[in-house]
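Asks: Work out the full structure, taking the sequences as your base and the hints as a guide.
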Amino acid sequence: MSDKEILLSTDKICKEFTKSDGMKFTACKDVSLNLYRGETLGLVGESGCGKSTFVRTIMGLHPADSGKIFFKGEDITRLSGEKRRAMAKHIQMIFQDPSTAFNPKMRIRDIICEPLRNFAKVSDKEAEARAVALLEQVELAPEIALRYPHELSGGQRQRVGIARALILEPEVIICDEATSALDVSVQDSIAKLLAKLQREKGVSYIFICHDLGLVSLISHRVAVMQNGQIVEELAGDKIAQAQHPYTKKLLSSVFSVKKRA
Amino acid sequence: MLLDVKNLSIAYQGKPTVSNVNFDLSAGEIMAIVGESGSGKTSVIRAILGCLSGNGQVAGGQINFGGRDIAHLSNKEWLSIRGKDIAMIFQDSGNMLNPVQTIGKQFVEYLQLHSSMSKREAAEKACSLLLRMNLPDPQRVMESHAFELSGGMRQRVGIAMALAFAPKLLLADEPTSALDVTTQAQIVDELMQVVHEAGSAMIIVTHNIGVAAHMADKIMVMAGGKVVEYGSTADVIERPQAEYTQALLRAVPEIGGTRYVG
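Chains A and B are the protein sequences, given in the same order.
With this note's numbering applied, the first sequence corresponds to residues 1 to 261, in that order.
With this note's numbering applied, the second sequence corresponds to residues 1 to 262, in that order.
Derived from the structure by calculation, the hints contain no laboratory data.
One thing to keep in mind: the hints can contain errors.
[Claimed, not checked] Part of the chain A face toward chain B, derived, beta carbon under 10 Å:
hint	residue
1	L212
2	V215
3	S253
[To be verified] Covered, in the sense of this in silico footprint (three residues per stretch, anywhere, with C-beta under 8 Å from a C-beta of chain B), are these stretches of chain A:
hint	stretch
4	172-185
5	217-230
For glycine and all other residues, C-beta sits at the position ideal for the given N, C-alpha and C.
Replies: This is the structure we're talking about:
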């Protein structure tokens, strides 16, 4: 991977929150990671270890206390206003449950095209055409463009979430537990779809997930996070050779179907 | 035989949803029901506990528990069985607990409802049950409200309550699905140990096939309201007959399995 272009990198990101009792809580401590073009970087760890805080800092949803974030070499740590808005063209996000991320009163067509409309004037006709083209890419029927989110199944909604993330043709997509709420067979199909889109478009993913099995199969590299710090970085196919005690603990917690046999 | 379910059918608003479910369970046995959302697995265990939600009802068949058909008991008859002979553990025990009462108050109330314990005896019993679920400082847990506990702690409280009367049959609906992997691993092992000690039989509903394979003696696979496969865990996992089970097992991501990316 080292010969590839570094798309996104973070340098010692720190983020502290003040709890209601005035105590400081360190969510991220000196997090330095690189994301290469066309690569999937898995991020694993328990609830509260700082995974989501870290990616939200990259998205600019809450500013880092210290440290720097670079996108293609440009410092994007403290972007604001128009520059921050323009950054959304390059980095998009997919959430765990799109039903809470979507406006329930908008048709799928408008949900998919909303990011586009934030940057350009798009007629309804053109929006529909774009939406249908994207629905095709995420393997959904074109009729869905005119439906509402509640009419779709969880797997279909997640595909719409992916279509929405794709419309601006971003270079980085952050998936925050994007498949965790889905059944295994649906999860399998979404994972295959994400991998296919990566091959076709060369998009990079940061894939947050607590299922070590899935993370190891979908990621080129996996970063393990504990109490706000990256404790180990491994190749996805070498996750079983982890050295750090925390990674080993996570691995031993996996209930494998095959291990029994 | 403790539980014998024959030709069980369940309908919601007259619409048949689950049909022809047959299985049996002996004392001390653990069975897992696996399947995707909407396959009817939760309906089956809710029917056994006589608490189908909304307009659901048992449309046909028998649920023989200890030699007695419990499919059509009245609410009054249920009172002496539910919570005592048959108990349930929910996905998030936080939703089962009263948010404005301390854990201790509701735990004591529950114990007194099914026994003639004094308040002090009940409180002592509750503490010892919490301690057995590896909750350090049970006194503090008793004085807490549900929201003050972590998800893992709440689930341990739910399991401690369900096991209070060493029920003959324990039903568990996705008991570890809302938990972190490490907490899940601990609770799965604790659950197996306490169930074994209490001599209870257990039905666990889960979509995590790894957990099912680890815990259960036998597995029932459901899809679209029907049983597609039922057999010993070894048979279902190693030699699945139904095409659906084979596809389901293939979809489980395993470390060292087929990679999605190069």
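Asks: Indicate, hint by hint, whether the structure satisfies it.
Replies: For each hint, the structure was consulted:
Taking 10 Å as the C-beta cut-off, the interface hint given for L212 (chain A) holds, the closest approach to chain B being about 6 Å. For V215 (chain A), the interface hint holds, the least distance from its beta-carbon to any beta-carbon of chain B being 8 Å, beneath 10 Å. Hint status for S253 (chain A) relative to chain B: holds, with the closest Cβ pair at about 4 Å, below 10 Å. With 3 residues having a beta carbon nearer than 8 Å to a beta carbon of chain B, the stretch 172-185 of chain A meets the requirement of three or more and the stated coverage holds.
Coverage of a stretch by a chain is defined here by at least three residues with a beta carbon nearer than 8 Å to that chain's beta carbons; for the stretch 217-230 of chain A and chain B the count is 4, and the condition holds.
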